[in-house]
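Visitor: Given the structure of chain A, go ahead and fit chain B with the ligands onto it with the hints provided.
2 protein chains.
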Amino acid sequence: MAKALESLLRALQGLPGVGAKTASRMAFHLLQHDRDGALELARALTRGVAELRHCTRCYTFTDADLCPTCTDPARDDTLLCVVETPADQAALERTGVYKGRYFVLMGKLGPLAALGPQENGVLRLLERLQGAQGDAVRELVLATSFTAEGEATAHLISQALKGRDIKVTRLARGVPLGSELEYVDLGTIAHALADRR
Amino acid sequence: MAKALESLLRALQGLPGVGAKTASRMAFHLLQHDRDGALELARALTRGVAELRHCTRCYTFTDADLCPTCTDPARDDTLLCVVETPADQAALERTGVYKGRYFVLMGKLGPLAALGPQENGVLRLLERLQGAQGDAVRELVLATSFTAEGEATAHLISQALKGRDIKVTRLARGVPLGSELEYVDLGTIAHALADRR
Ligand SMILES: [Zn+2]
Ligand SMILES: [Zn+2]
Numbered sequence: 002m003a004k005a006l007e008s009l010l011r012a013l014q015g016l017p018g019v020g021a022k023t024a025s026r027m028a029f030h031l032l033q034h035d036r037d038g039a040l041e042l043a044r045a046l047t048r049g050v051a052e053l054r055h056c057t058r059c060y061t062f063t064d065a066d067l068c069p070t071c072t073d074p075a076r077d078d079t080l081l082c083v084v085e086t087p088a089d090q091a092a093l094e095r096t097g098v099y100k101g102r103y104f105v106l107m108g109k110l111g112p113l114a115a116l117g118p119q120e121n122g123v124l125r126l127l128e129r130l131q132g133a134q135g136d137a138v139r140e141l142v143l144a145t146s147f148t149a150e151g152e153a154t155a156h157l158i159s160q161a162l163k164g165r166d167i168k169v170t171r172l173a174r175g176v177p178l179g180s181e182l183e184y185v186d187l188g189t190i191a192h193a194l195a196d197r198r
Numbered sequence: 002m003a004k005a006l007e008s009l010l011r012a013l014q015g016l017p018g019v020g021a022k023t024a025s026r027m028a029f030h031l032l033q034h035d036r037d038g039a040l041e042l043a044r045a046l047t048r049g050v051a052e053l054r055h056c057t058r059c060y061t062f063t064d065a066d067l068c069p070t071c072t073d074p075a076r077d078d079t080l081l082c083v084v085e086t087p088a089d090q091a092a093l094e095r096t097g098v099y100k101g102r103y104f105v106l107m108g109k110l111g112p113l114a115a116l117g118p119q120e121n122g123v124l125r126l127l128e129r130l131q132g133a134q135g136d137a138v139r140e141l142v143l144a145t146s147f148t149a150e151g152e153a154t155a156h157l158i159s160q161a162l163k164g165r166d167i168k169v170t171r172l173a174r175g176v177p178l179g180s181e182l183e184y185v186d187l188g189t190i191a192h193a194l195a196d197r198r
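So the sequence lines, in the order shown, correspond to chains A and B.
Per this note's numbering, the first sequence starts with residue 2, numbered consecutively.
Per this note's numbering, the second sequence starts with residue 2, numbered consecutively.
With the rest of the complex left out, here is chain A (with noise of 0.2 Å):
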């Protein structure tokens, strides 16, 4: 096999969820059918790979210091939504109900609680809780998953503010249990949102 063709291969494999089939298919289309989308893809990764860093603010994906949602004015500062990923936050603003602001762990918690590599992102949400924004916060709305992994994280990140003049919601159970909050319909959420506790 041509050497540029099996290091296609490689590099898509290291694509989440993609195996030797699933590379071979996407190259074999690319090549043969979508050679300009095989060039805009490859634009697309090295320019997000150049401009795209973390809010300082929110931590999710922009381009900017801080992302657009922190610089609204219109937003609520007093209500601070808590999401696992950039795709859930998505999510709820799909429903139109939120006009408060976010915060992003980035990542899943494992199983192990206290060692996951949401800790850290649960660690930059108290740092975000103790700035000149955080004392803004009123209410803390814990949108984590309704899996075992997004309770746990949730419970910690409610333990961490015991004492703090600020009241903390989890969505309402309106949402599926053991479902990953980026896949439920928007109504549902939005149900949810309503609900909150």
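Warning: the hint list may mix true and false statements.
All copies of an identical chain are treated as equivalent in the list; a pair is satisfied when it fits inside any one copy or across any two copies.
What the hints assert, rightly or not - List time: in silico DSSO-like cross-link candidates among lysine-lysine, alpha-carbon distance up to 27 Å:
id, residue 1, residue 2
1, Lys168, Lys4
2, Lys168, Lys22
3, Lys100, Lys4
4, Lys22, Lys163
5, Lys22, Lys100
6, Lys4, Lys163
Hints are computed from structural coordinates only; laboratory data are not their basis.
Guide: Relative to chain A, chain B with the ligands alone:
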């Protein structure tokens, strides 16, 4: 959402089988955990598009005029195996049973046999059989998929070669009906090759 992130999500959705949610997961994985992998993929895509073209003899992807299989002096010129895709060819090669040459049709035949893009592949095959290398071919092994499209393609090729001094065989029916070759286990493929009729 940052423009660079939007472009990346859109470009990833250009990959076959990748919708909005899979694209999000891929983008966030690359940006969060594997920026080197993202750059490697960008380079592999650019290099693949620049270097990879079709072998002038068998039509598979290669970085030279002729692919290594076509130039391998140890292979039997009298046997030519017709496959739909390079992935199918790779599946046959992994059995280690076949020592002839290949012809890769590229693409699948649609329900309308006469109008599918694979018809071009069939025309290219007929041209290939008229060249100097074509004269050496004594047996054509049809290894198209055992689907309606694959059977139609095999039938089309058999008909086109009526009256030519070439034995046309088909992989034996050890291959499960309705399945695509690249997903079949090696033992079944090897058996089907030995029993070709
Ligand atoms: Zn932000
Ligand atoms: Zn070749």
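Visitor: Is it within, between, both or neither when you check Lys100 against Lys4 at 27 Å Cα-Cα?
Guide: The answer is between: 22 Å across copies meets 27 Å, while 51 Å in one copy does not.
Visitor: Between the shortest in-copy and the shortest cross-copy C-alpha distance, which are at most 27 Å for Lys22 and Lys163: within, between, both, or neither?
Guide: Classified as neither: same-chain Cα gap 50 Å, cross-chain 35 Å, threshold 27 Å.
Visitor: Classify it for me, Lys168 with Lys4: is the Cα-Cα distance of at most 27 Å met within a copy, between copies, both or neither?
Guide: neither (58 Å within a copy, 35 Å between copies)
Visitor: With 27 Å as the alpha-carbon cut-off, assign the pair Lys22 and Lys100 to within, between, both or neither.
Guide: between (43 Å within a copy, 23 Å between copies)
Visitor: Reference check for the pair Lys4 and Lys163, CA-CA at most 27 Å: within, between, both, or neither?
Guide: Neither, since 58 Å and 39 Å both go past 27 Å.
Visitor: With 27 Å as the alpha-carbon cut-off, assign the pair Lys168 and Lys22 to within, between, both or neither.
Guide: neither (49 Å within a copy, 32 Å between copies)
Consistency with the previously given hints fails for numbers 1, 2, 4 and 6, ordered from lowest to highest.
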